[in-house]
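Let chain W serve as the given structure and place chain Y on it in line with the hints.
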Amino acid sequence: MDKIKSLEMVNITKKFPGVIANKDVHLKVESGEVLALLGENGAGKTTLMNILYGLYHPNSGRILINDQEVKIDSPKKALDLGIGMVHQHFMLVPSLTVTENVALGIKFKSKFSMDLDNVAQKIKLLSKKHDLNIDSSLLISDLSVGERQKVEIIKALYFNANILVLDEPTAALTPQETDDLIKWLRSVIKEGMGVIFISHKLNEVMNVSDRVEVLRNGKNVFSTPISKTNINQLARKMAGHDVELPTVERKNKFGNTIIELENVWAKNERGLDALRGVNLTIRKGEILGIAGVSGNGQKELAESITGLQKIYKGDIRFKGESIANKSVQSIIDKGMGYIPEDRLHMGTIPGFKVKENLILKDYLRSPFSKIFLLDRTYIKDYCKSTVDEYDVRCPNINTPTHALSGGNIQKLILSRELKREPDALVASYPIRGVDIAAVQYIHEKLLEARDNDMGILLITEELDELINLSDRIAVIYEDQILDVIDTAEADKSKLGLLMAGIKEGSR
Amino acid sequence: MAINEILNLILRILTVAIAVSAPYLFAAIGEMFSQKSGVLNLGVEGIMMLGAFVAFYFAWAYESILLGIILAVFVGALMGLLMSFVSVTLKAKQGISGIGLYMFGWGVAGTLFRLFIGGVEDIAGLPNLHLGFLSELPILGKLLFSHNILVYLAFLLVPISWYVLYKTSWGLKVRAVGSTPRAADTMGTNVNKIRYQCVILGSMLAALGGAYLSVAQANMFANDLVAGRGFIAVALVYFGRWKPFGILKGAMLFSIANGFQRWYQISGSTFPYEVTVIFPYLLIIIVLALSHEKFAEPTALTVPYDREFKG
Chain W
-16 MDKIKSLEMV
-6 NITKKFPGVI
4 ANKDVHLKVE
14 SGEVLALLGE
24 NGAGKTTLMN
34 ILYGLYHPNS
44 GRILINDQEV
54 KIDSPKKALD
64 LGIGMVHQHF
74 MLVPSLTVTE
84 NVALGIKFKS
94 KFSMDLDNVA
104 QKIKLLSKKH
114 DLNIDSSLLI
124 SDLSVGERQK
134 VEIIKALYFN
144 ANILVLDEPT
154 AALTPQETDD
164 LIKWLRSVIK
174 EGMGVIFISH
184 KLNEVMNVSD
194 RVEVLRNGKN
204 VFSTPISKTN
214 INQLARKMAG
224 HDVELPTVER
234 KNKFGNTIIE
244 LENVWAKNER
254 GLDALRGVNL
264 TIRKGEILGI
274 AGVSGNGQKE
284 LAESITGLQK
294 IYKGDIRFKG
304 ESIANKSVQS
314 IIDKGMGYIP
324 EDRLHMGTIP
334 GFKVKENLIL
344 KDYLRSPFSK
354 IFLLDRTYIK
364 DYCKSTVDEY
374 DVRCPNINTP
384 THALSGGNIQ
394 KLILSRELKR
404 EPDALVASYP
414 IRGVDIAAVQ
424 YIHEKLLEAR
434 DNDMGILLIT
444 EELDELINLS
454 DRIAVIYEDQ
464 ILDVIDTAEA
474 DKSKLGLLMA
484 GIKEGSR
Chain Y
293 MAINEILNLI
303 LRILTVAIAV
313 SAPYLFAAIG
323 EMFSQKSGVL
333 NLGVEGIMML
343 GAFVAFYFAW
353 AYESILLGII
363 LAVFVGALMG
373 LLMSFVSVTL
383 KAKQGISGIG
393 LYMFGWGVAG
403 TLFRLFIGGV
413 EDIAGLPNLH
423 LGFLSELPIL
433 GKLLFSHNIL
443 VYLAFLLVPI
453 SWYVLYKTSW
463 GLKVRAVGST
473 PRAADTMGTN
483 VNKIRYQCVI
493 LGSMLAALGG
503 AYLSVAQANM
513 FANDLVAGRG
523 FIAVALVYFG
533 RWKPFGILKG
543 AMLFSIANGF
553 QRWYQISGST
563 FPYEVTVIFP
573 YLLIIIVLAL
583 SHEKFAEPTA
593 LTVPYDREFK
603 G
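Protein sequence lines, in the order shown, are assigned to chains W and Y.
Going by the working numbering, the first sequence opens with residue -16, and the numbers climb by one from there.
Going by the working numbering, the second sequence opens with residue 293, and the numbers climb by one from there.
The set of hints was computed from the structure by calculation and includes no laboratory data.
Careful: at least some of the hints might be erroneous.
As the list claims (entries may be wrong) - Straight-line distance between alpha carbons at most 25 Å, and here's what the computed DMTMM-like set of lysine to aspartate or glutamate pairs gives:
1) W:Lys173 / W:Glu151
2) W:Lys90 / Y:Asp598
3) W:Lys(-2) / W:Glu151
4) Y:Lys535 / W:Glu151
5) Y:Lys459 / W:Glu151
6) W:Lys202 / Y:Glu297
7) W:Lys(-2) / Y:Asp414
Computed from a predicted structure; not experimentally measured.
Only chain W is shown next, with the shape it has when bound in the complex:
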């Protein structure tokens, strides 16, 4: 197959039971350019890319490469044609090494042996040429998120991709890693790579792309060269209405300490230390942000406070009383709210109805239940009003929760936690992967809760979010709190360095 000069998707329609994910969608990308593909969650971006990669079969539509129609009926075909894809959820086998992951796609001459040394050698050359710096003998499970992404890129390069699809590539990267990625992108574009770039981060989109294609509800709604648009216009086109992120008034008066961690040590599920002597305080009416690359102890921090994680040294006090290693139920009863990282499986029971998930923490209590029977009428009225109040978009309150979009599941969890009016809230990655309109909404609600004197621990990898919402920012690195700074003194480059473990000398 010749190098791809242009790739075009024409009138693509894809239906899933009950939903039309793509309706007559078109898209064109040429070699040497970056096309940004934008849209809210559920707009059909990922579906469209999965069609391009041969994972989904469209109900109708055509794909043209260099103006010739091609049939892409399997990922193998896409690879052979020169289409590479870095999926949002990496397509790597964690129990295999980097070399083995690449070798999966190779047809070896002999059925009875694999020349893995040769593959490793080629990977070494590629990673040298592209400055990717990966040891190919390591297991994927031992690599960080940023390194795994590099492996995905190496895979695409190894199979000579000249159209590369990047599905939210920067979602889990540190600012430095993001800069490196963008630098790398610029260099391969010069060499003739065509890139389809999917991202929620509009400033990145403005920064790297040449053209923009916006999808909404599975249809094309807007298409423009990047020079003729701006962030506000793009946000509006994606949402279909005006979007403005809340501007935050800085507070300077806070209440008393509500949560206090003192020299907390905890081990992760592999038995290794995941928190090493963490000290933190959260005051009433304050949002304390936790900055850090995920996997540096954030999960264990959130779970220690909410009682899901045992600590083996130190103490955690909530409203002056120790809650270290207390049961989850007793911590909830004391007034702790929690928005967990894995919203579908920890935040909700996916197969349960919306209304059942809404009362998950209260069903035992009056007025939700009387003696031992659920009060159906009360629950129905309560859930209907909650869903309206928090703008959880669902067909009705009897819909199974997994059928909702990510943003709406997150609003469901948010409403359940906030309606209980807890004294403190632990929010892990509350806007991860949700669209900009939902981000706006979630941020407003968190700020409102803060102004009502709630103490909030906000864990996130989005620096913009941290700087916008937090009153103070604690940086976590390798299971320890490296520094706590006032947001007024924080800027992105300083935080970025801290997140990478580099602490400047004293001011």
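Okay, now just chain Y, sitting in the frame of chain W:
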């Protein structure tokens, strides 16, 4: 007991253990391939039953053990095809379809036995090999060089399956498909094809294990011939952490414990033998309970693959 007697006893137990571990090796290594690719086949016991019957019937009626073994393996392949169709293509719950396969094999073997044989018949059985001077060696000759050919095949299967799993591209695909099928798919691996191959291979080996019991060990067929060995084989896969040499260790340990238990039964002790019979099984349960290594299990085990599944 004199030293001599004890050594003799140990030698006897080990020799028997090597011979009786062969069917476990066939069945467990077969099951390992199936599970490595992501399919839990609980039908091993039923496949062994049918394999045992088919091998015995043809060895008895046509006086050809070779024909019996070949046809048993062929029937095993058909059972594997059925299992993969139900659990890979139709995506049935594997725990249930496996139990179904077990009962199917058990019922069919029993019925055919009543129809075609009906009573106690026996055959000469697969002869032990005489390997020249090797078999004449003191101690080692008896222990290692006087078994039937299937025993050597079973032990050879361990390094061969290790090589296939870790050194060939097919083995790489098997490991990928059982752990992250979507990733394997995006790299051009046909997930369901690999799973069909593994389940069929596994069932063929299970049938061979069953055939061993009827034509090389008991030299007869009865309804309770397999006696739970298929389920032990499934347990051995967990015991061996999905690794050929781990399974070898488990099969040997279990067989030695069993040999010891049998000697104890006939040793004239007054201790109730019903209790000693439990011993090997208890050992397996204890080891399984104590050795839960978290990351060994194929992560996609029992999960059917659906490329267009949204979620």
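For each hint, the structure was consulted:
1. W:Lys173 / W:Glu151: holds, 22 Å
2. W:Lys90 / Y:Asp598: The given pair, whose Cα atoms are some 24 Å apart, holds under the 25 Å limit.
3. W:Lys(-2) / W:Glu151: holds, 23 Å
4. Y:Lys535 / W:Glu151: Given that 25 Å is the threshold and the Cα spacing comes to 37 Å, the pair is violated.
5. Y:Lys459 / W:Glu151: violated, 35 Å
6. W:Lys202 / Y:Glu297: violated, 85 Å
7. W:Lys(-2) / Y:Asp414: violated, 63 Å
Comparing the model with each earlier hint shows violations of hints 4, 5, 6 and 7; every other hint is respected.
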